[in-house]
Amino acid sequence: MIIAALLASVALLLGISLVALAVAGRRQAGVVVYGATAVACAVAVAAAAVGLAGNQAIEFHLPIGLPWTGAHFRLDALSAFFLIVVNLGGMSASIFGCGYGRHEIAPQRVLPFFPAFLAGMNLVVLANDAFSFLLAWEFMSLMSWALVMSHDREPDTARAGYIYIVMASFSMLALLLAFGILAGPDGNYAFDVMRAHGAAQGSAAIVFSLVLLGAGSKAGLVPLHVWLPLAHPAAPSHVSALMSGVMTKVAVYAFIRIAFDLMGPLDWRYSVIVIGLGGVTAVMGVLYALMQHDLKRLLAYHTVENIGIIFTGLGLALAFRANGLTAAAALAASAALFHVFNHSVFKSLLFFGSGAVLASTGTRDMEKLGGLIRVMPRTATGFLIGAAAISALPPLNGFASEWLTFQAIFLSPALPQWGLRFLAPAVGAMLALAAALAAACFVKAFGVTFLGRPRTPAAETAVETDSMSLAAMFALAGLCVVAGIVPGFFTNALGTVSHMLTASEMPHQALVALGTPLLPSLGNPNSYSGLMVAGLLLLAGTVTYLAVRTFANVATRHSLAWGCGYPDTSRNSQYSAESFAQPIRRVFGTLAFDAREEVFMPPPGDVGAAKIHVTLRDPAWDLLYAPPASAVAFIADRLNVLQFLTIRRYLSLVFLALVLLLTVLALWV
Amino acid sequence: MIQALALQGIQGLLVIALAPLVTGVVRKTKARLLLRRGASIFQPYRDLLRLFRKESVLAHNASWLFQAAPYLVLAFTWVAAALIPVLAFNLPLGPGADFIAIVGLLGSARFVLALAGLDVGTSFGGIGSSREVMIASVGEPAMLMLIFSLALVAGSTQLSVIAAFTQSPAVGLRISLGLALLGFIMVAIAENGRIPIDNPATHLELTMVHEAMVLEYSGRHLALIELSTFLKLLAYLSLIASVFLPWGIPPTWAGGMQLASALGLFLAKVLGGAVLLAFFEVSIAKMRVFRVPQFIGAALMLALLAGLLRLVSQSF
Amino acid sequence: MSALVFDVSHLLAGSLVLMSFVLLYQDRLPSLINTFALQSLLLSLAIGWQAQAQGAPHLLVTAALAIVLKAILIPMVLRRLVRSLGIHRTIETVVGIGPAMLAGMALVALAMALMLRVTAAANIFAREDLAFALSVVLLGLLVMVTRRNAVSQVIGFMSLENGLVLAATGAKGMPMVVETSVAFSILIALIVIGIFLFRIRERFDTVDVAALDEFRGDRQ
Amino acid sequence: MTFPLDPALATILIPATSAALLVFVPFYRLGAWFNVLASLGTFVAAATLLVWRPSAGRFLAVDDLNVVFIVLNTLVGFTTSLFSSGYIAHEIETGRLNATYLRFYHAMYQFLMAAMNLALLTSVTGLMWVAVEFATLTTVLMVGIYRTREALEAAWKYFILGSVGIALALFGTILIYMAAQPIVGEGIAAMTWSVLQANAVRFDPAILNIAFAFLMLGYGTKAGLVPLHALLPDAHAEGPTPISAVLSGLLLNVAIYAILRFKLLLAANAGAIAPGPLMMTMGLLSILFAAFMLYRRRDVKRFFAYSSIEHMGIIAFAFGLGGPLANFAGLLHMAMHSLTKSGIFYSIGHMTRIKASQRIADIRGLTSSHPLLGWIFVASVAAIAGLPPFGIFTSEFLVVSSAFAHRPLLAVVLVFGLLISL
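Here the protein sequences line up with chains S, G, Y and P, keeping their order.
Residues in the first sequence are numbered from 1 upward in steps of one, following our numbering.
Residues in the second sequence are numbered from 1 upward in steps of one, following our numbering.
Residues in the third sequence are numbered from 1 upward in steps of one, following our numbering.
Residues in the fourth sequence are numbered from 1 upward in steps of one, following our numbering.
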């Protein structure tokens, strides 16, 4: 019943997409399409919530697809949770799209694909056999690719699209191989069968690395992340929100589904890879982000960072589970899943904010913005809440899930393996570094974009965005606050999911007494109460405010900025995004990006301008992508010669093939 | 219960009342060490009062965030400082925030302040914010590693549990704790913008960090920010006091005498710390901004070492 | 089946292979064409002998076809073509004559090695003829591959077809359909080649195939 | 075999007689319509075979294998004739062709269809060879029909390479006969599929091996398998677009069909080499090679010619793998490829007409200027690249998964090739 409702909403989404194809050119098409999409997503959220509460695996079979297997679907706690994430994101993006969509230059390139993209993501999560899964997976990739390509006139889009489609196929094929090995010689692609026999001893390592490659490249694990900061920003902003906030979570889902569920029990060694990759991803992602001055690209790099945090949690869960420490595993898994939810919320919020800025000013280059808080105060507020949440600041939700992750790390001394006991705290320090850098990065992002003085006329004359967009943003901002102050509600809801993955769950958090702090695991005295902290902050703030109002001089005079007495009229003398990140680049950049600064100072007496030029290189690109790309180009060039041979040379090829074949026959057979 | 709540309240009020005094003591000691007479140890109170009485001057383009920031910063810092158990361990609001949460609260305060530094759009504000977040970005991992090694020793990140552990005879003489203390002091110096990281008394543009951020503030806003700065210093001192030197802190409400002695000991510890800080500050020169990561990196190394030693053997 | 019958057919087929070697050896067009004519003549003799030996008179048709078309008509046309188009008499070869001959030897050895594996149970005629036919086919290909002139390549191709015909006639009782189709295809091939040669003549100065390849739409 | 009622015969005779008639139709519009009508008739006749299958005759036999091919062949032949009737008028306008040449074109089109249908339906190896030979000659003429330098070059190339290929195939056919003759006796029986298949067990394996080497290379030249692919891209790029569609969508299938038939023969003989690995090797080579070639293409028709080579590689791989799943996958892939690829060439025909260029770089912004055409093209390209929800995704999935069941290592190579080809 529930699953039928879910499939119906998927069908509805596909139907909307068809309708959109027909009506895309009309004036009010956007509102209709986005409205209908929001409704379909709302239905799906409700159904999935019921499914999550019901905590029963429901299976469903449709006689479509491959002739002898058909399409299998399944709704269990895990898929229900991810369905909520997907459709919540979809709903908010649709609402945002109602307003934002009006700025779209070519709506016919966005409208039909948007609901189809959502349908694809839903189907991935629902699929219960490898064929349906991969079909939906590739459909999802393709639809998002179409959305990325919707602004195909912009200079970087073609390259982004190309790299994206290559990476998407790479991930699909890696997963295909993984499923192929999992299916074994019988070639049964139903998940139930795979689950029943798990991964064979010898092939588990291969399957695991393939899954890590396939799901990891989609999620944006370093070093497979390079496509992500190119592709996500290229799409329209509400689509960027979906890709960054939701599609990467679908990839996380794929990883969890295969590694935790289908493969059966795994050795602890695998967790080392996941934890290590997670830590590196978190730090590298945020370092990349710091170096950006394109707002949306910065956000995309932050997705990489958060994926790293999520994978760290998942890796810890694997490690604990492999050693039978189920309670700790449940904590780590819940932390990761909670972060999945949180990230989808605040990343969507931030992309909406950047979309509003983009729509209002026409640029996403932070160096051309500034001072927007005065012309777009509501957008700025929404963005600020998102920024604080993603920077893991209490009392918002980002802190709650990172706190849980840290608590899981603090349990790592219980692990028997030395490698893990050393690795976990090191990764913990990396996460802390990532969190601190994220805060730095969002000080920069918010500060340069919304604060200061406008750097261009476009930023000066910007206007506040429309009410639908604001509604979507504030709904998400509200969710950030709620999830931050009552995290217990969410970890309780995740209990069934965690039970499915780790055979245990976090202690049930009492919600009746609202002040009850979050307890990570039984017998653990550590606790954190978002509500209490929030209440105290409110109290302290109010007391201070009232005290100041009552006792202090409240007179205010407006004047020129002081600036140590230097009259500072040029807008360009403000700190730019580039200069803000300069100290951090000096500290980390040479190591991480081979950063080089070239300073040109004119000789004394010359009045020419001094110049500074900074080059950054992405080591992942240089080490991992450039060699294969150049190898392919090299081989293609070599083989390309074959196209322009004379007839005689072609004949020679045929002749040689014949002689070779005959020789083989003469000698060997 | 009522008493415990009251004690919590007292603790909250105590820290805010005491904070300027601690800074006053530091300043006075420094002045005496430099053979000046120095202002009275109560001068910070007078400064605050003076600032509260003055009108506030805002730049034309200052946004609401600029005006809200002082209140937010103070609220964050105050809550963090108030939740550190100094008068008794098991206070009713204690479970609301562990060590990480307190560090997180201080981080929130810095986040808001760094944003405020960028608001008016002067180059000084930018310098300050940019350097502040850079220092924080190395300071926070070090802090977390410290918390980790403490948690390894004490088995918890809850301040009251850690403090109860260091108070217990089980603690003995542990190298890992000593290393952690050293690292903690280094991080505390960096976080509070003391010499050699930053000079709280300077207004020389190239060396400013914290002062550059708050350059545009005046009147009541500046007063609130100054107060938060005092509070932050006190918070770090009282963290040291309650985590590393928890002697004399009762487990819970235990009557007036206990309270008085706890209060006295707390004052002694904090003011002693202030004097030591002053000694340290006058005996060292401020370092270049880009040496800071090395300084904090050393703290990180200490923390890692503490953790490693602890992992290798239970007796460290 | 007397030894004489076997020997004669062996001799004729062997001389066909020999002619292929001579083709490979030639470096002037007129003598190449003459050699081809001679080979075709030998082929028709071989077919005639087969017709007699197998008692299959319809093979005589094929033999006649070979004489008329390949020994007389086509060489005539080709000679005229060479004269009227003023094609260079010398053949450009890709590898020297020596290496080409060596390669030819190797090919014949390969053909023999392959056919010897065929069980003797098969028709003994077929087995020997096939070995020679395979050699002729391979040598014909070798000629095509090692020559640059279009005319010499065409001759190489036709010599290859001679090998095919040899094989087909060696196969006892093979339905007529094959022979006619071979003849037919040769005919059409020649017509088309003629058209092409003319067209090519119209547009290019030589029939050298390499000249055709100089321009390509896709070259970057 | 009652003549007027036999649909199998009709599928050959309708195009053959129409070819003869079309030579005399002076008006090209009438010719075009006649062409469409004849193709429709052929398709109807072929479709009848699905429901009613005549018993095997002396020269023609319909079985489970070739019925798929013939229906597919006539269907695409019909759609292409429809497309060509619209397309070819444009050629008159631009003066690339005149009425005489169009008459010739239509006759040749039907003749080509007749030859291909004969190749698919005949039960005699020799006849099949004759049919493929005729198909080759017709193709040469069609490719060279524009008489531009490039077209002539392509036709010449096709002609020479095709003739050599066909000669090799003939040698192989003769060898098969020689292998069969001692067992089943002289005459037509030794060339009939059903007889051959039934007695293949007892054939001399050594001759069969050599024969297959020649047949594989001979028909492989037609199928465009690497290293025998050379004629394909030029022929596709330079001929009229409907012919490109026919070449890519149909003639390649006919060649694959021929290889498949002989492969089955070899597979029945235990002493012979397993033909599968050879096909799989060539298939993989084709996939990899074509993948790398796709990388550098600028001409849109050439691009899709290489894509055809790649797909032929996949099909050859699937058939080489054998087994019900892989064979099904191969057939499915072939059908999907034919349909999609011909669709792509139709859109390319319109596109090149609109943009007057075959360079990929020049063809942009189509979705805005001609939304329907543009989106159809985008969809079919997505389909050919093996992206869902299109059929090729399914068949590629099946190919890969059946490869897994048997030879996992090869599957990795296969997947690698598929990856590069994107």
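The set of hints was computed from the structure by calculation and includes no laboratory data.
Please note: incorrect hints may appear among the correct ones.
Derived, one-sided and incomplete: chain Y residues facing chain S with beta-carbon distance under 8 Å [unchecked claim]: (1) Leu4; (2) Leu110; (3) Ala113; (4) Val145; (5) Arg148.
In this text, a Cβ means the ideal position worked out from N, Cα and C, and glycines have one as well.
- Double-check arginine 148 of chain Y for me: the hint is only fine if its C-beta lies closer than 8 Å to a C-beta in chain S. The hint holds - arginine 148 of chain Y has a Cβ within 8 Å of chain S, the shortest such distance being about 6 Å.
- Hint validity - leucine 4 of chain Y Cβ closer than 8 Å to any chain S Cβ: violated (31 Å)
- Was the hint right that valine 145 of chain Y lines chain S, CB cutoff 8 Å? holds (5 Å)
- Message: Please check whether leucine 110 of chain Y passes as an interface residue: C-beta within 8 Å of a C-beta belonging to chain S.
- Response: Where the cut-off is 8 Å and the nearest Cβ of chain S is about 6 Å from leucine 110 of chain Y, the hint holds.
- Query: When the nearest CB of chain S is found for alanine 113 of chain Y, is that gap smaller than 8 Å?
  - Reply: holds (4 Å)
Consistency note: the structure conflicts with earlier hint 1 alone.
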